[in-house]
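Chains B and U, in that order, are what the protein sequence lines are. Heads up: the first sequence is residues 1 to 440, going by our numbering. Heads up: the second sequence is residues 1 to 282, going by our numbering.
Please keep in mind that the hints were generated in silico from the structure rather than gathered at the bench. We put the beta carbon where it would ideally sit given N, CA and C, even for glycine. Treat the hints loosely; a few may be bogus.
To be verified - In silico lysine-lysine, BS3-like type, Cα no more than 30 Å apart, as pairs:
id, chain 1, residue 1, chain 2, residue 2
1, B, K279, B, K65
2, B, K65, U, K40
3, B, K217, B, K427
4, B, K282, U, K40
5, B, K183, B, K65
6, B, K227, U, K40
What the hints assert, rightly or not - From the derived model, a few chain B residues whose C-beta atoms are all more than 12 Å from chain U:
id, residue
7, I75
8, Q79
9, A90
10, L137
11, D218
12, V284
13, N343
14, V381
15, A393
16, V418
As the list claims (entries may be wrong) - Derived CB-CB ranges, DEER-like:
id, chain 1, residue 1, chain 2, residue 2, range
17, U, L126, B, E431, 37 to 43 Å
18, U, S67, B, Q430, 40 to 46 Å
19, U, L30, B, K280, 46 to 52 Å
20, U, P123, B, R436, 23 to 29 Å
21, U, S258, B, D245, 30 to 36 Å
22, B, S359, U, N214, 34 to 40 Å
23, U, L84, B, N66, 38 to 44 Å
24, U, L84, B, K67, 36 to 42 Å
25, U, F13, B, T417, 53 to 59 Å
26, U, L27, B, K67, 53 to 59 Å
27, B, Q338, U, S74, 31 to 37 Å
28, U, V134, B, K69, 23 to 29 Å
29, B, E50, U, S125, 31 to 37 Å
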Amino acid sequence: MTSEPRRLSRRHFIGTAAAGVGAAVALDRAPAVAQTRELTFLTVASFVPETDKELKRQFEEWGAKNKVKVRLDIIAHLQLQTKKAAEVQARSGHDLTALGPGLGDADLYFDYLADLNDVAGDVAPKNGGWLNPDDYLIRGKWKLLPWWQPPFPMAVRTDLLEQIGEKNPDTWEDWLRVGRKGKAIGHPFGTALGHSGDANVTLLSILWSYGGSYVSKDGKTITINSKETRAAMEFVKRLYSEAMDPEVVAWDDASNNRCLNAGKCIAIHNPISAYESAKKDKVVIPGSQKEIADFIDHVHTPKGPAGRKATTGFWCVGIWNFSKNVDLAKDFLRYHFQPDNQNRWVEAGHGFNMPFLTSLTKHSVYKSDRQYRFIPEVAKVTVPPSWPGPTTAASQQVWDLYIIPDMFAQYATGKMTVDQAIAWGEKEMQEIYAGRRRKP
Amino acid sequence: MNRRGRRAWRSVFTLYLPVTPFVLFALFPLYFMFVTSLKKNSELYDPTSIPFLIRRGVTFGHYQLLSGDTLFWSWFLNSLLVSLGATIVSVVLGILAAYPLARLRFPGGDSFGVAIFVTYLVPPSLLFLPLTTVVNRLGLSDSLWSLVVTYPTFLVPFCTWLLMGYFRTVPREIEECAMLDGCGRVQTMLRILLPVAVPGVICAALFAFTLSWNEFLYALVFVSPAELKTMTVGVFSELIRGDIYYWGGLMAGACIGSLPIVIAYVFFLDYYVSGLTAGAVK
Chain B
1 MTSEPRRLSR
11 RHFIGTAAAG
21 VGAAVALDRA
31 PAVAQTRELT
41 FLTVASFVPE
51 TDKELKRQFE
61 EWGAKNKVKV
71 RLDIIAHLQL
81 QTKKAAEVQA
91 RSGHDLTALG
101 PGLGDADLYF
111 DYLADLNDVA
121 GDVAPKNGGW
131 LNPDDYLIRG
141 KWKLLPWWQP
151 PFPMAVRTDL
161 LEQIGEKNPD
171 TWEDWLRVGR
181 KGKAIGHPFG
191 TALGHSGDAN
201 VTLLSILWSY
211 GGSYVSKDGK
221 TITINSKETR
231 AAMEFVKRLY
241 SEAMDPEVVA
251 WDDASNNRCL
261 NAGKCIAIHN
271 PISAYESAKK
281 DKVVIPGSQK
291 EIADFIDHVH
301 TPKGPAGRKA
311 TTGFWCVGIW
321 NFSKNVDLAK
331 DFLRYHFQPD
341 NQNRWVEAGH
351 GFNMPFLTSL
361 TKHSVYKSDR
371 QYRFIPEVAK
381 VTVPPSWPGP
391 TTAASQQVWD
401 LYIIPDMFAQ
411 YATGKMTVDQ
421 AIAWGEKEMQ
431 EIYAGRRRKP
Chain U
1 MNRRGRRAWR
11 SVFTLYLPVT
21 PFVLFALFPL
31 YFMFVTSLKK
41 NSELYDPTSI
51 PFLIRRGVTF
61 GHYQLLSGDT
71 LFWSWFLNSL
81 LVSLGATIVS
91 VVLGILAAYP
101 LARLRFPGGD
111 SFGVAIFVTY
121 LVPPSLLFLP
131 LTTVVNRLGL
141 SDSLWSLVVT
151 YPTFLVPFCT
161 WLLMGYFRTV
171 PREIEECAML
181 DGCGRVQTML
191 RILLPVAVPG
201 VICAALFAFT
211 LSWNEFLYAL
221 VFVSPAELKT
231 MTVGVFSELI
241 RGDIYYWGGL
251 MAGACIGSLP
261 IVIAYVFFLD
271 YYVSGLTAGA
281 VK
């Protein structure tokens, strides 16, 4: 026997509707059943576009499963600083945000980022653990999740290497020799000495490889004035004058890619983006029909007298604590950092976006193409830009103001003596660190 | 050689030749953008190629990339709507502000004029942070209205200052004649001054439209959804990916983006350069 549905009287309907509208007005929001939860995510355009498509797919999939409306906003990485500053100022904006390049954003925006200790703890065991967890803690807390890094191998033209009779260059001195011979036949070495992220990366790599550093482990003492720094600067001066063209002091992040893909540079210190775009666009070696991608190889980041070290842009993800959806945002991060999703995401990025999770550094994509074979190796020697000091707002400022590239360039181009350039850099860094030092 | 022939030859040396370098200088960016937008990537990357010529064939691939793989035409439309809206609002407010400052005498009038000028000098890079809060409080973030509302912050002072100067060049006598015939202040402004000042108003509108069309910072900060971006931000976001610049696509976007400005200037050129108050007073 089925019961007949109870009829809703007109009076009852009007009464219920009036009460609902009254409650909604009083609460200044729609009733729960009518509310659409929305999660927004601001990120930077990936260097490999398929990565963004996969992230969007995962975000939408998670949204559909949880009945949450999602919106992924993608901007160029150069726009991120402005956007973040505005959102913090207004205490409003996206729920999730990309942070970087560098971990220092989390110190700059420490008071506006939600704690992610729980998410970091959940994510790690499923993915073999974080690579270097101590590096990612800001003031002892997980204020961000390190997301991806583009390791910096050395990209080299194999045909030109053969032409100049060189084999397996491995140290910075080897690459100076290669660059010198290359320049003699019109194919110089290429690394930026201007205001660009690439210049920061390569010059810090050289500094560390020669035993130097700019801040000590205590995060306070500026250590740039050392004989190791002098040795690194002497090397860069030789590299600049003997193996490169003067234009490198005006280079931006795109210039070395262009130099390699234009068939000019014999080698550049760069992620695999140049190779990827050469392959995609079928760029040919000038004066021939040969595709240049077939003659590019990627080898280990060079080592110096003190060993092999490198850095890169540490891209991270965080949640604003003024977001109304902190828990939802955390839930999405847990979803995105599930091994399956991370695997797909790394696959989509052709290995360009390497996560900071141990098991992902062994992803099959790094064996899928000979070009990627050294990327996990480079990741192993990659440290944050403030190494051996901790990541702080001051270290981020040293990076953002290009103090290291300016110091090297001023000596390399002959504008200053080595002592003057180091003294200049030391003074700049001391002022930055003193200015950022918090009162006890 | 007859007189007409001599005159033509003279104008070659006295007019065309002296003007040519300036024309070339002005047109060079447009030419370079256009040529780059039609080159194949292989030629764009080749350092031995001649940057100003296309030697390996023309491609429309960059335009196809813009149209097919990005939301370019939505961004174009957004730019158009925002620029038109902000221009109309700003020119109307500019006229209403400029008229009393140019014509009426009241305490603090001059200081007010200077204050408006100083407001124009405050750079948007300082204003965008507090304006973000304002836009948020108004509930306009992530909508095109946020731009229609904020662009007048730099357009109104500009239009006011420009129109103030222009209104002052219109002889006061023609307004006084109208008033003698019974017009009120508002009627005088609407029926006498504005028709005479059309070139000035068009000039202000053209500049306001150009400034809105090219604006980048507010469009970046106040609007996030891809489908609501303006052209300046959209092209930059989509075609610069880290250290990969899609030069052909960027130049194709710049070429198409410059068209409305070129058309607007060509269309109103006569107004723009015409004798401003010629014939108003006999």
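Between V134 (chain U) and K69 (chain B), does the C-beta distance stay in 23 to 29 Å?
Because 26 Å falls inside the window, the suggested range holds.
Given the range 36 to 42 Å, decide if the beta-carbon distance of L84 (chain U) to K67 (chain B) lies inside it.
holds, 39 Å
Using the C-beta atoms of S67 (chain U) and Q430 (chain B), is the stated range 40 to 46 Å upheld?
Distance hint for S67 (chain U), Q430 (chain B) is violated at roughly 53 Å.
Chain U versus A90 (chain B) - minimum CB to CB distance exceeding 12 Å, so not interface:
violated, 4 Å
Go ahead and decide if the range 34 to 40 Å is satisfied by the Cβ distance of S359 (chain B) to N214 (chain U).
violated, 48 Å
Minimum Cβ-Cβ distance from D218 (chain B) to chain U exceeds 12 Å
holds, 34 Å
Keeping to a limit of 30 Å between CA atoms, is the pair of K279 (chain B) and K65 (chain B) held or broken?
violated, 37 Å
Does the Cβ-Cβ separation between L27 (chain U) and K67 (chain B) fall within 53 to 59 Å?
Once the Cβ atoms are compared, 56 Å apart, the range 53 to 59 Å for K67 (chain B) and L27 (chain U) holds.
Checking a non-interface call: every C-beta of chain U should be farther than 12 Å from the C-beta of I75 (chain B). Is that right?
violated, 5 Å
Determine whether the Cβ-Cβ distance between L30 (chain U) and K280 (chain B) falls within the hinted range of 46 to 52 Å.
Violated, at about 29 Å.
Please check whether the beta-carbon of Q79 (chain B) is more than 12 Å away from every beta-carbon in chain U.
Since the minimum Cβ distance to chain U is about 6 Å, Q79 (chain B) lies within 12 Å and the statement is violated.
Within 31 to 37 Å or not, the Cβ separation of Q338 (chain B) and S74 (chain U)?
For Q338 (chain B) and S74 (chain U) the Cβ distance comes to about 34 Å; the hint holds.
Hints 1, 2, 5, 6, 7, 8, 9, 12, 17, 18, 19, 22, counting from the list given before, are not met by this structure.
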